[in-house]
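Based on these hints, arrange chain B on the given structure of chain A.
2 protein chains.
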Amino acid sequence: MNNLRFTTYLTSNIGTDKAVLEQLLSHCSIREFKKGEFLLSQGEKCRYSFFVERGLLRQFSIDDKGKEHIIQFAPENWFMSDRESVYFDRPSSYFMQALEDTVTFLLDENLFLELSKSDTAFLEFNNRLLHNHIRHLQRRITQLQSATAEERYLDFIRMYPDLLLRVPQIFVASYLGITPESLSRVRKELARKNR
Amino acid sequence: MNNLRFTTYLTSNIGTDKAVLEQLLSHCSIREFKKGEFLLSQGEKCRYSFFVERGLLRQFSIDDKGKEHIIQFAPENWFMSDRESVYFDRPSSYFMQALEDTVTFLLDENLFLELSKSDTAFLEFNNRLLHNHIRHLQRRITQLQSATAEERYLDFIRMYPDLLLRVPQIFVASYLGITPESLSRVRKELARKNR
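Protein chains in written order, with our numbering: chain A, 83 to 277; chain B, 83 to 277.
Hints are computed from structural coordinates only; laboratory data are not their basis. Please note that the accuracy of each hint is not assured.
The list treats identical chains as interchangeable, and a pair is accepted whether it falls inside one copy or across any two copies.
To be verified - Here are the simulated EDC-like pairs of lysine to aspartate or glutamate, each with C-alpha atoms no more than 20 Å apart in a straight line:
1. K127 - D171
2. K116 - E182
3. K199 - D99
4. K270 - E232
5. K149 - E233
6. K147 - D171
7. K147 - D183
8. K147 - E233
9. K149 - E232
10. K270 - E182
11. K149 - E263
12. K147 - E232
13. K147 - D237
14. K100 - D201
15. K199 - E271
In isolation and in its complexed conformation, chain A is listed as follows (with noise of 0.2 Å):
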C-alpha cells in the first residue's frame, strides 16, 4: 500500500502513527469506476467520502429545465462527497460521475467520527478536512455573486491547473456558471493580452 497517493496523503496529514492509518485503512474500501460511470444519483443518499487516487470525477445539479450545473471536479488527491446527505442521512440534490476511468477510496462518515473520538491526530484532520470544504464553498460563492468570467476562469486555472486539458470545454463552462460562447471569448481574450 505503500506506493499508493491515498496513504502518502494521510501520512502527510494525519502522521506518520502506523497503527491509526492502518486502522483507517482497514476500514476503507477501493472502488473503480469506468468513464461516465455514475457514483451517485441526484435523489440518492450519499454513503462516502470518495479519495481520488486515480482518474477524475465531477459532482452536478440538474435544474428543473434540465440544464446542468457543475459544483465541483475531483482529480488526483481530492475528496469528493455530499456531506449534506451523508451526515443528514437526506436524498441528494447532485449526481457524481466518472469523466476518467477513476480508482477511489471510500471513506464512510462513521469512520470518521469514531477515529475522531479515539485519536486526536484524526480529530483535527477531519476538523481541516471541513474548514477546507467551507473554504472552497465560501469562495464559490463569492465568485458566483461577483466575478466577472474572466476572474473565473483564472481562479478555475488556479484551482484546477492541470485540469482545462483533461476536461471538456462545456463543463468548464458550467462549473463556471457562464455560457460556452463566454468561455471561448474570455479564452481568446486572454491568449490576445498575452501575446
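Same frame as chain A, but now just chain B:
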C-alpha cells in the same frame, strides 16, 4: 444565565451535562453591537464564532466595482463566523455588521477544538455545526447557479421566516443576487397569484 437563548440552545444541542456547559460558558464572552456597527471588516482576521442572542447580523463582501454581496443573515439563535479566516488564520473576505442593536456570545476556535478533544458530546455538536454550515453553503451555491428569482425569494422566506419585515428590501435583493427591481416584480407576481 438560565433564561438566555444561548443556554437553551446549548442544552438542546449538547445535552444537560452541567460541567460541560459551565466550562463552555466560562470561556464565552458577551458583546453588544449598536445598529450599524461592524463586527469584522474585509482584510481583518476573524477571531470568533458569534452566537446571536438578540438582534440581527449580516455578512457581506464588496467587489472591485464597490457592489455589496450579502452571503448570510444571522437573526436570533444563529451563528455567524468566517470559519476560513478563523481556522486558517487568514484575512477575511467579508464584513460583518449589526443591522439592529445586537447582543452576541463570542466563541473562539481553540475552545471548539479543545472541548472537542475532551468531550464527545461537544465533538458531535461541533461536527453538526460544521455540517450544517456546509449544507447552507451548498444550498446557496445551487440557488445561485440554477434558481429563478422567484425560487430564490421563496427559499429566503423558508430559511428566514421572520426577516422580511426586519431587513431592507435592498439587502434582500443583494442576498438573492437579483436587482431590487426584479425583487419588486417577484413580490407583485406572488401577490397576484395568491390573491
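Practice prompt. Any hints from earlier that this structure breaks? Give me their numbers in increasing order, please.
Written response: 6, 7, 10 and 15
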